[in-house]
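*Asks:* Just need the whole structure built from these sequences, with the hints factored in.
There are 2 protein chains.
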Amino acid sequence: MSPRVSPSGAPSVPDSGGPGDPGVDGAKGKSTRERILDIALELFTEQGFDKTSLREIADRLGFTKAAIYYHFASKEDILMSIHLRFHEFGREMLTQMGDGPATPEMWAGLLDRAIDMILEHRTLFLFHERNQAALENLHRERHDAEHEDLQAKFRQALSSENIDLEGRVRMAAAFGAVMASLAVAGDAFADVPSDKLGLVLRKVVADLLRV
Amino acid sequence: MSPRVSPSGAPSVPDSGGPGDPGVDGAKGKSTRERILDIALELFTEQGFDKTSLREIADRLGFTKAAIYYHFASKEDILMSIHLRFHEFGREMLTQMGDGPATPEMWAGLLDRAIDMILEHRTLFLFHERNQAALENLHRERHDAEHEDLQAKFRQALSSENIDLEGRVRMAAAFGAVMASLAVAGDAFADVPSDKLGLVLRKVVADLLRV
DNA sequence: GTCTATATAGGGATAGAC
DNA sequence: GTCTATCCCTATATAGAC
Numbered sequence: 001m002s003p004r005v006s007p008s009g010a011p012s013v014p015d016s017g018g019p020g021d022p023g024v025d026g027a028k029g030k031s032t033r034e035r036i037l038d039i040a041l042e043l044f045t046e047q048g049f050d051k052t053s054l055r056e057i058a059d060r061l062g063f064t065k066a067a068i069y070y071h072f073a074s075k076e077d078i079l080m081s082i083h084l085r086f087h088e089f090g091r092e093m094l095t096q097m098g099d100g101p102a103t104p105e106m107w108a109g110l111l112d113r114a115i116d117m118i119l120e121h122r123t124l125f126l127f128h129e130r131n132q133a134a135l136e137n138l139h140r141e142r143h144d145a146e147h148e149d150l151q152a153k154f155r156q157a158l159s160s161e162n163i164d165l166e167g168r169v170r171m172a173a174a175f176g177a178v179m180a181s182l183a184v185a186g187d188a189f190a191d192v193p194s195d196k197l198g199l200v201l202r203k204v205v206a207d208l209l210r211v
Numbered sequence: 212m213s214p215r216v217s218p219s220g221a222p223s224v225p226d227s228g229g230p231g232d233p234g235v236d237g238a239k240g241k242s243t244r245e246r247i248l249d250i251a252l253e254l255f256t257e258q259g260f261d262k263t264s265l266r267e268i269a270d271r272l273g274f275t276k277a278a279i280y281y282h283f284a285s286k287e288d289i290l291m292s293i294h295l296r297f298h299e300f301g302r303e304m305l306t307q308m309g310d311g312p313a314t315p316e317m318w319a320g321l322l323d324r325a326i327d328m329i330l331e332h333r334t335l336f337l338f339h340e341r342n343q344a345a346l347e348n349l350h351r352e353r354h355d356a357e358h359e360d361l362q363a364k365f366r367q368a369l370s371s372e373n374i375d376l377e378g379r380v381r382m383a384a385a386f387g388a389v390m391a392s393l394a395v396a397g398d399a400f401a402d403v404p405s406d407k408l409g410l411v412l413r414k415v416v417a418d419l420l421r422v
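These protein sequence lines are chains A and B, in that order. Throughout the first sequence, residue numbering follows the numbering used here, covering 1 to 211 in sequence. Throughout the second sequence, residue numbering follows the numbering used here, covering 212 to 422 in sequence.
Don't read these hints as lab results, they were simulated from the structure. No experiment lies behind these values; they were computed from the predicted model shown. Virtual Cβ for every residue (Gly too), placed ideally from N, Cα, C. A portion of the hints provided could be inaccurate.
Mimicking SDA-like on lysine to any residue, the simulated pairs with C-alpha atoms at most 25 Å apart in a straight line are [what the hints assert, rightly or not]: (1) A:LYS75 / B:GLU267; (2) B:LYS276 / B:THR306; (3) A:LYS51 / B:SER292; (4) A:LYS75 / B:GLU340; (5) A:LYS203 / B:GLU267; (6) B:LYS286 / B:GLU316.
Simulated restraints, written as ranges between beta carbons of each label pair [as the list claims (entries may be wrong)]: (7) A:TYR70 / B:GLY273: 39 to 47 Å; (8) B:ASP323 / A:ASP59: 43 to 51 Å; (9) A:HIS147 / B:SER405: 28 to 36 Å; (10) A:ARG55 / B:GLU316: 46 to 54 Å; (11) A:ARG140 / B:HIS339: 16 to 24 Å.
*Replies:* Here's what the structure looks like:
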């Protein structure tokens, strides 16, 4: 318990990963904190969260595991930080949905954005696919209100009274179709240019939702 | 190392879960081995493989964790045994595919069967969804030739030269659509009767593959 | 900001009694 | 077929030096 606060007063901004924000030290690239997150994302995606030790992460970066505790309060804190990057996208989707009842048209628009996001952050989405268990444990402990909202909205849309069963199944199916094509079977289409793949997927989604 | 062989000479038959094979002891239901697998499947699906200890499994069954080692050589052996149940379905799909090039029609037939299987063994598929990382580690150690075959065939179909990109994406999408509707968003459609859900899904798949 | 050294716990696995 | 007792290792996490 008694989580230690990150020493740098910096808020946990959604680091876009771009070459934007300069590190605290040299003018050179990313801060140590971000470098830890990058390596962690890579290893967690490859081997899974539980099978990856802090030692492994530290070794890759050239220092010892204890040093990590300067930047993060715990191993779970790292997991959470990565999850937060992902969460940004969810928030965007949420606002886009508004609070009216979900319609197939809206869903199509949502997935349209999602396709771009997934294409651009493939590993991040793959990470979520492959670490569902660890992430659920995370939410069981820390009750993230924001996450609940998102999840609830999602489920609500999929159980909406206004839409018949077939329509709702089609919505779920469209979502799964996108995820499977981009994240899960990712390396099967790895050589396909993103724009081309995106184009086909949009067609598939439109077809599926009949819009 | 030096894996201990299961004492009961029984081959690891694909226990269908039915009330078929009587236990060794009383005429009453399942053998201890199967009861362990059932509880393990439940806990692994709920909390994840790594977050579930042998102690937890044993507690649920009313004995201590050491007793488990009479039935299984290791914790991974339990994971493997559960995975083998799943593998039966893959094998069936494999033979159904034959060795000719995959066509959308064949794929539709494949998914037609898959829908039934998933509907009937939802938790088993959900388990696989949520423990992808642990399962991949399993295959990294023990080189399962059969599994390689299945995986290879799957990828091969998705990268087949005979089918254009859109066709292949549609195949991947169809698969993802089914998985998402049945396993991932499972509780959203939990109250929907299986036959009704299956019917809609078949329609969606046919639509998606244009057959 | 990064390090060494160390505390502590929990989990997987073994040996052998009953 | 199930149990107790125990070994051993790894991993998280802490304290505090540089």
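*Asks:* LYS51 (chain A) and SER292 (chain B) were given as a pair; does the straight-line alpha-carbon distance stay at or below 25 Å?
*Replies:* 20 Å, holds
*Asks:* Would you check the hint for LYS75 (chain A) and GLU267 (chain B), treating anything up to 25 Å between C-alpha atoms as holding?
*Replies:* 23 Å, holds
*Asks:* Is the hinted range of 43 to 51 Å satisfied by the C-beta distance from ASP323 (chain B) to ASP59 (chain A)?
*Replies:* 49 Å, holds
*Asks:* Can you let me know if the beta-carbon spacing of ARG55 (chain A) and GLU316 (chain B) is within 46 to 54 Å?
*Replies:* 51 Å, holds
*Asks:* Verify the proposed pairing of LYS276 (chain B) with THR306 (chain B), using a straight-line Cα cut of 25 Å.
*Replies:* 39 Å, violated
*Asks:* Given the hinted pair LYS286 (chain B) and GLU316 (chain B), is their alpha-carbon gap at most 25 Å?
*Replies:* Roughly 41 Å between the alpha carbons, so the hint for LYS286 (chain B) and GLU316 (chain B) is violated.
*Asks:* Looking only at beta-carbon atoms, does the pair TYR70 (chain A), GLY273 (chain B) fall within the given range of 39 to 47 Å?
*Replies:* About 46 Å separates the Cβ atoms of TYR70 (chain A) and GLY273 (chain B), which means 39 to 47 Å holds.
*Asks:* Quick one, are LYS75 (chain A) and GLU340 (chain B) close enough, alpha carbons at most 25 Å?
*Replies:* 23 Å, holds
*Asks:* Quick check on a hinted range of 28 to 36 Å for HIS147 (chain A) and SER405 (chain B), using CB atoms only.
*Replies:* With a Cβ separation near 30 Å, HIS147 (chain A) and SER405 (chain B) satisfy 28 to 36 Å, so the hint holds.
*Asks:* Given the hint of 16 to 24 Å, is the C-beta distance from ARG140 (chain A) to HIS339 (chain B) inside that range or not?
*Replies:* The hint (16 to 24 Å, Cβ to Cβ) holds, given that ARG140 (chain A) and HIS339 (chain B) are roughly 21 Å apart.
*Asks:* Does GLU267 (chain B) lie within 25 Å of LYS203 (chain A) when you go C-alpha to C-alpha?
*Replies:* 48 Å, violated
Hints 2, 5 and 6 from the list above are not met by this structure, while the remaining hints are.
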